[in-house]
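There are 2 protein chains.
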Amino acid sequence: MKIQPVKGTRDFYPPQMAVRNFIVDGWKASSIRNGFVEYDGPIFEHLQMYQVKSGDEIVEQLFNFTDRGGRHLAIRPEITPTLARMVNKQINALPRPIKWFSVPRLCRAERPQKGRLREFFQWNIDIIGVEDVLADAEVVYCSLDYLRSVGLTSGDVVAKISSRRLLAALLKNIGIAEDKLESLYPILDKKTRIPVEAFVEMLGKEIDSTDTVQTVLKLMDVHLVDEIPDIVKLNEEAKVSLDELIQVFAYLRTMGVEDWCRFDMSIVRGLAYYTGMVFEIHDKAGDLRAVCGGGRYDNLLSDFGGPKVTATGMGMGDAVLEILLREKGLLRDDSLDIQKLDYFVACLDADLLDKAVNITAQLREKGHASNFSYKTGALKKQMKVADSMNAAKCIILGAEFKDSKQLVVKDMQTGEQELLDAESLFKS
Amino acid sequence: MKIQPVKGTRDFYPPQMAVRNFIVDGWKASSIRNGFVEYDGPIFEHLQMYQVKSGDEIVEQLFNFTDRGGRHLAIRPEITPTLARMVNKQINALPRPIKWFSVPRLCRAERPQKGRLREFFQWNIDIIGVEDVLADAEVVYCSLDYLRSVGLTSGDVVAKISSRRLLAALLKNIGIAEDKLESLYPILDKKTRIPVEAFVEMLGKEIDSTDTVQTVLKLMDVHLVDEIPDIVKLNEEAKVSLDELIQVFAYLRTMGVEDWCRFDMSIVRGLAYYTGMVFEIHDKAGDLRAVCGGGRYDNLLSDFGGPKVTATGMGMGDAVLEILLREKGLLRDDSLDIQKLDYFVACLDADLLDKAVNITAQLREKGHASNFSYKTGALKKQMKVADSMNAAKCIILGAEFKDSKQLVVKDMQTGEQELLDAESLFKS
Numbered sequence: 001m002k003i004q005p006v007k008g009t010r011d012f013y014p015p016q017m018a019v020r021n022f023i024v025d026g027w028k029a030s031s032i033r034n035g036f037v038e039y040d041g042p043i044f045e046h047l048q049m050y051q052v053k054s055g056d057e058i059v060e061q062l063f064n065f066t067d068r069g070g071r072h073l074a075i076r077p078e079i080t081p082t083l084a085r086m087v088n089k090q091i092n093a094l095p096r097p098i099k100w101f102s103v104p105r106l107c108r109a110e111r112p113q114k115g116r117l118r119e120f121f122q123w124n125i126d127i128i129g130v131e132d133v134l135a136d137a138e139v140v141y142c143s144l145d146y147l148r149s150v151g152l153t154s155g156d157v158v159a160k161i162s163s164r165r166l167l168a169a170l171l172k173n174i175g176i177a178e179d180k181l182e183s184l185y186p187i188l189d190k191k192t193r194i195p196v197e198a199f200v201e202m203l204g205k206e207i208d209s210t211d212t213v214q215t216v217l218k219l220m221d222v223h224l225v226d227e228i229p230d231i232v233k234l235n236e237e238a239k240v241s242l243d244e245l246i247q248v249f250a251y252l253r254t255m256g257v258e259d260w261c262r263f264d265m266s267i268v269r270g271l272a273y274y275t276g277m278v279f280e281i282h283d284k285a286g287d288l289r290a291v292c293g294g295g296r297y298d299n300l301l302s303d304f305g306g307p308k309v310t311a312t313g314m315g316m317g318d319a320v321l322e323i324l325l326r327e328k329g330l331l332r333d334d335s336l337d338i339q340k341l342d343y344f345v346a347c348l349d350a351d352l353l354d355k356a357v358n359i360t361a362q363l364r365e366k367g368h369a370s371n372f373s374y375k376t377g378a379l380k381k382q383m384k385v386a387d388s389m390n391a392a393k394c395i396i397l398g399a400e401f402k403d404s405k406q407l408v409v410k411d412m413q414t415g416e417q418e419l420l421d422a423e424s425l426f427k428s
Numbered sequence: 001m002k003i004q005p006v007k008g009t010r011d012f013y014p015p016q017m018a019v020r021n022f023i024v025d026g027w028k029a030s031s032i033r034n035g036f037v038e039y040d041g042p043i044f045e046h047l048q049m050y051q052v053k054s055g056d057e058i059v060e061q062l063f064n065f066t067d068r069g070g071r072h073l074a075i076r077p078e079i080t081p082t083l084a085r086m087v088n089k090q091i092n093a094l095p096r097p098i099k100w101f102s103v104p105r106l107c108r109a110e111r112p113q114k115g116r117l118r119e120f121f122q123w124n125i126d127i128i129g130v131e132d133v134l135a136d137a138e139v140v141y142c143s144l145d146y147l148r149s150v151g152l153t154s155g156d157v158v159a160k161i162s163s164r165r166l167l168a169a170l171l172k173n174i175g176i177a178e179d180k181l182e183s184l185y186p187i188l189d190k191k192t193r194i195p196v197e198a199f200v201e202m203l204g205k206e207i208d209s210t211d212t213v214q215t216v217l218k219l220m221d222v223h224l225v226d227e228i229p230d231i232v233k234l235n236e237e238a239k240v241s242l243d244e245l246i247q248v249f250a251y252l253r254t255m256g257v258e259d260w261c262r263f264d265m266s267i268v269r270g271l272a273y274y275t276g277m278v279f280e281i282h283d284k285a286g287d288l289r290a291v292c293g294g295g296r297y298d299n300l301l302s303d304f305g306g307p308k309v310t311a312t313g314m315g316m317g318d319a320v321l322e323i324l325l326r327e328k329g330l331l332r333d334d335s336l337d338i339q340k341l342d343y344f345v346a347c348l349d350a351d352l353l354d355k356a357v358n359i360t361a362q363l364r365e366k367g368h369a370s371n372f373s374y375k376t377g378a379l380k381k382q383m384k385v386a387d388s389m390n391a392a393k394c395i396i397l398g399a400e401f402k403d404s405k406q407l408v409v410k411d412m413q414t415g416e417q418e419l420l421d422a423e424s425l426f427k428s
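Each protein sequence line maps, in turn, to chains Y and Z.
Just so we're aligned, residue 1 is where the first sequence starts under the working numbering, counting upward by one.
Just so we're aligned, residue 1 is where the second sequence starts under the working numbering, counting upward by one.
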């Protein structure tokens with residue numbers, strides 16, 4: 001019986017696992033460097049968790065099931081609802097500010113395509129309880145700090161930043177009703193990914209006036225703050241939102257990453273829950289989906305039955321990131337160590353195997369990563385195994401040990417050999 | 001709307017996440033020290049994967065579902081079938097010996113109880129392609145090496161070791177048919193967990209002769225190899241199996257862990273796929289479920305459509321382990337750092353916030369874990385935040401900076417303060 005893996009999932013053989021660890025370890029290091037602490041939730045939650053505020057797209061993509069107790073459950077497609085649930089539960093006990101990160105495994109039942117898988121890993125950072133847009137800037141900074149740490153530059157990627165609050169104010173100002181906004185956002189979010197005709201047609205279904213559709217089109221193309229008043233007159237709410245956004249950019253300049261950042265009204269984000277700054281980081285060539293995205297979501301905790309607490313955060317998946325890092329030559333399979341040993345213990349004579357096993361056990365007890373050879377005899381074959389395991393040193397048990405209890409210790413890099421007794425070896 | 005987590009799952013708030021990381025990081029370190037390389041598979045597989053050879057108990061405990069393509073899938077309750085599938089697929093390309101480890105998240109739809117959860121983490125190590133019982137001994141050694149590394153002693157835990165091969169030979173020798181064995185193993189495995197009357201009754205349903213039941217009972221109580229021939233005459237197969245088992249103990253002596261190991265015929269393991277050495281590690285007091293268990297499974301790869309390749313391995317869950325470590329005082333919540341900062345940047349004046357943000361960004365870029373205070377003003381409050389984040393040093397931006405661009409750098413351990421300009425700070 002031969003069974004295949006499920007479509008859209010990945011098998012992580014040691015070389016692929018090394019890539020995943022390289023990515024995940026980098027995410028964790030950046031999170032810790034930026035003062036976030038780690039949390040996680042269960043791999044599945046009650047189905048209704050994802051029906052609250054996550055947008056139709058995600059709910060359609062759920063792997064859901066019913067357990068023996070009749071509970072309707074779903075494998076998590078994102079971790080933000082879990083975060084909201086957890087924070088709400090301990091809201092009075094948690095030390096503020098809450099700066100949390102997680103690297104959840106997530107599943108979405110979508111058609112697998114480039115940069116989109118049915119199972120993936122996603123780095124999440126969130127700052128909860130800080131109203132100042134300083135927290136928004138910090139989320140963008142932390143995302144960029146990671147990308148910089150793996151070798152990307154402002155020539156490779158760009159953080160496109162906008163504001164849902166500003167967008168809402170402008171849309172209302174041109175006559176679009178408040179209750180239309182939620183259905184408009186997913187359409188506006190598609191703008192850069194579909195032909196303009198299709199986009200206009202979709203807008204036309206939501207907005208009656210052709211003039212208004214044209215104004216929206218113009219707005220989506222704005223890349224300079226100064227151009228907005230030429231298109232829509234700014235009311236008070238729009239002015240305040242714009243000032244906030246300008247402050248985000250000021251903080252990003254203070255943080256030294258202004259070269260990586262750009263205002264872009266077409267950044268909307270599909271999810272319904274954003275309320276303020278929104279951003280996405282894209283490859284500059286524009287060939288790939290967003291590397292990451294996020295923003296401020298001030299109502300999510302109260303939507304989940306908690307108090308009104310402000311929040312801002314970001315999610316970065318591993319699939320698009322890996323494609324980008326490979327394209328830029330920053331991730332090559334031959335650059336990652338799948339294994340690294342301190343010692344490989346070779347054994348030329350079956351009589352000495354017991355000694356080889358004993359020495360290896362002692363090396364391990366001392367904390368040295370070590371392997372022995374299961375096969376005794378021909379040295380050449382054992383050296384090949386030692387090499388394949390990336391051993392720094394090889395200990396050879398042969399004639400020298402039989403004659404005078406001496407171990408041959410070979411440096412695998414230089415080829416140099418020395419003779420040692422076992423005792424001196426364990427002292428090192 | 002208030003939603004609870006699903007029964008039997010855990011929320012990992014930062015303190016619980018620190019515990020999980022402590023356990024998982026220890027598992028990974030032991031694996032690497034013992035020469036294993038990491039792999040992982042998907043969180044769900046085709047349902048039939050678990051119907052092949054995993055025993056009825058596990059199949060009953062599956063969370064299964066049907067995707068939009070009509071595929072019958074299940075969240076993994078164990079990773080060994082995935083391992084078999086993956087190894088089979090690349091059997092000719094993989095360098096031997098295959099020494100792999102993984103720390104999968106697993107789910108079982110069982111009633112939550114002490115040491116058993118519906119979602120848990122399990123350390124798995126497997127050696128594939130080594131026929132010598134040296135590999136069996138190495139699996140036991142590696143499990144013990146981890147337990148020793150976290151502070152447990154041979155006074156706390158014991159590795160109980162037996163052999164399925166020996167058991168099968170003995171059972172057949174007392175007249176039990178080969179095709180009865182598979183249904184007998186799960187019953188024998190329950191022996192130490194149920195009253196003897198219930199055990200005898202269960203045996204009686206499978207074995208007709210009361211004498212034979214009594215002989216099985218006696219066998220299950222054997223703790224010394226020498227006692228076996230008094231109960232059952234050893235045929236050739238039993239002799240060979242016994243010699244093998246004696247060799248496992250000889251290797252464990254060579255590895256320096258004989259004090260931790262004991263022969264125990266009552267160790268059977270419920271799963272159908274074991275074929276040779278089997279073992280479990282228990283707390284010596286016997287209050288808890290097994291900390292880990294494993295053994296040789298020489299037919300699993302061929303059962304999954306691959307060639308006949310020998311294999312041996314072990315799985316250790318986090319739930320029982322955590323209970324044991326807490327009982328022994330080796331895991332205290334106050335002994336784990338939830339967070340550790342190199343610097344906390346405090347700011348006494350709102351005018352200086354920008355500078356604080358700028359300094360923090362530079363510290364982070366240099367690789368120092370750092371946070372700034374979102375709130376300026378009262379130093380005492382900011383110091384409390386710095387303390388709660390476990391900051392090694394606190395940088396204070398106040399009058400000294402306004403007067404002469406000097407930073408106060410306070411060592412949070414000693415309380416000592418020094419004045420530095422920003423430039424000298426970044427040199428360190």
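Check before you lean on any hint, since a few could be wrong.
[To be verified] Mimicking EDC-like on lysine to aspartate or glutamate, the simulated pairs with C-alpha atoms at most 16 Å apart in a straight line are: (1) Lys89/Y - Asp25/Z; (2) Lys28/Y - Asp11/Z; (3) Lys375/Z - Asp11/Y; (4) Lys375/Y - Asp11/Z; (5) Lys28/Z - Asp349/Y; (6) Lys218/Y - Asp189/Y; (7) Lys28/Z - Asp189/Y; (8) Lys7/Y - Asp67/Z; (9) Lys375/Y - Glu131/Z; (10) Lys7/Z - Asp189/Y; (11) Lys393/Z - Glu416/Z; (12) Lys28/Y - Glu365/Z; (13) Lys2/Y - Asp303/Z; (14) Lys375/Z - Glu131/Y; (15) Lys340/Z - Glu365/Y; (16) Lys89/Z - Asp11/Y; (17) Lys355/Z - Asp303/Z; (18) Lys402/Y - Asp349/Y; (19) Lys2/Z - Asp303/Y; (20) Lys340/Y - Glu423/Z.
[What the hints assert, rightly or not] A few chain Z positions that, by computed beta-carbon distances, are all more than 10 Å from chain Y: (21) Pro14; (22) Pro42; (23) Met86; (24) Gln90; (25) Cys107; (26) Ile174; (27) Glu182; (28) Asn235; (29) Lys308; (30) Gly315; (31) Arg326; (32) Asn358; (33) Arg364.
Worth flagging that the hints you see were computed from the coordinates, not collected in a lab.
The model shown is predicted, which means the values in this text are computed figures rather than measured ones.
Idealized CB from N, CA, C, for every residue including glycine.
Each hint, compared with the structure:
1. Lys89/Y - Asp25/Z: Not OK: lysine 89/Y and aspartate 25/Z at ~28 Å, beyond 16 Å, violated.
2. Lys28/Y - Asp11/Z: Violated, at about 19 Å.
3. Lys375/Z - Asp11/Y: 46 Å, violated
4. Lys375/Y - Asp11/Z: 46 Å, violated
5. Lys28/Z - Asp349/Y: 32 Å, violated
6. Lys218/Y - Asp189/Y: Within the cut-off at roughly 15 Å; holds.
7. Lys28/Z - Asp189/Y: At roughly 42 Å apart (the allowed maximum being 16 Å), aspartate 189/Y and lysine 28/Z break the hint.
8. Lys7/Y - Asp67/Z: Measuring from Cα to Cα gives roughly 11 Å; hence the hint holds.
9. Lys375/Y - Glu131/Z: 11 Å, holds
10. Lys7/Z - Asp189/Y: 37 Å, violated
11. Lys393/Z - Glu416/Z: 10 Å, holds
12. Lys28/Y - Glu365/Z: 15 Å, holds
13. Lys2/Y - Asp303/Z: 9 Å, holds
14. Lys375/Z - Glu131/Y: Cα-Cα ~11 Å, so holds.
15. Lys340/Z - Glu365/Y: 28 Å, violated
16. Lys89/Z - Asp11/Y: Roughly 11 Å between the alpha carbons, so the hint for lysine 89/Z and aspartate 11/Y holds.
17. Lys355/Z - Asp303/Z: 65 Å, violated
18. Lys402/Y - Asp349/Y: 10 Å, holds
19. Lys2/Z - Asp303/Y: 9 Å, holds
20. Lys340/Y - Glu423/Z: With Cα atoms ~38 Å apart, lysine 340/Y and glutamate 423/Z exceed 16 Å; violated.
21. Pro14: 4 Å, violated
22. Pro42: Label violated. Min Cβ-Cβ 3 Å, cutoff 10 Å.
23. Met86: 5 Å, violated
24. Gln90: 7 Å, violated
25. Cys107: Given that some Cβ of chain Y is not farther than 10 Å from that of cysteine 107/Z, nearest at about 7 Å, it is violated.
26. Ile174: Given that every Cβ of chain Y is farther than 10 Å from that of isoleucine 174/Z, nearest at about 33 Å, it holds.
27. Glu182: Check passes; 18 Å lies beyond 10 Å.
28. Asn235: 29 Å, holds
29. Lys308: The claim stands: lysine 308/Z keeps its Cβ more than 10 Å from every Cβ of chain Y (closest is about 14 Å).
30. Gly315: 18 Å, holds
31. Arg326: 20 Å, holds
32. Asn358: Non-interface label on asparagine 358/Z violated, nearest chain Y Cβ at 5 Å vs cutoff 10 Å.
33. Arg364: Its Cβ does come within 10 Å of chain Y, the nearest being 5 Å, so this is violated.
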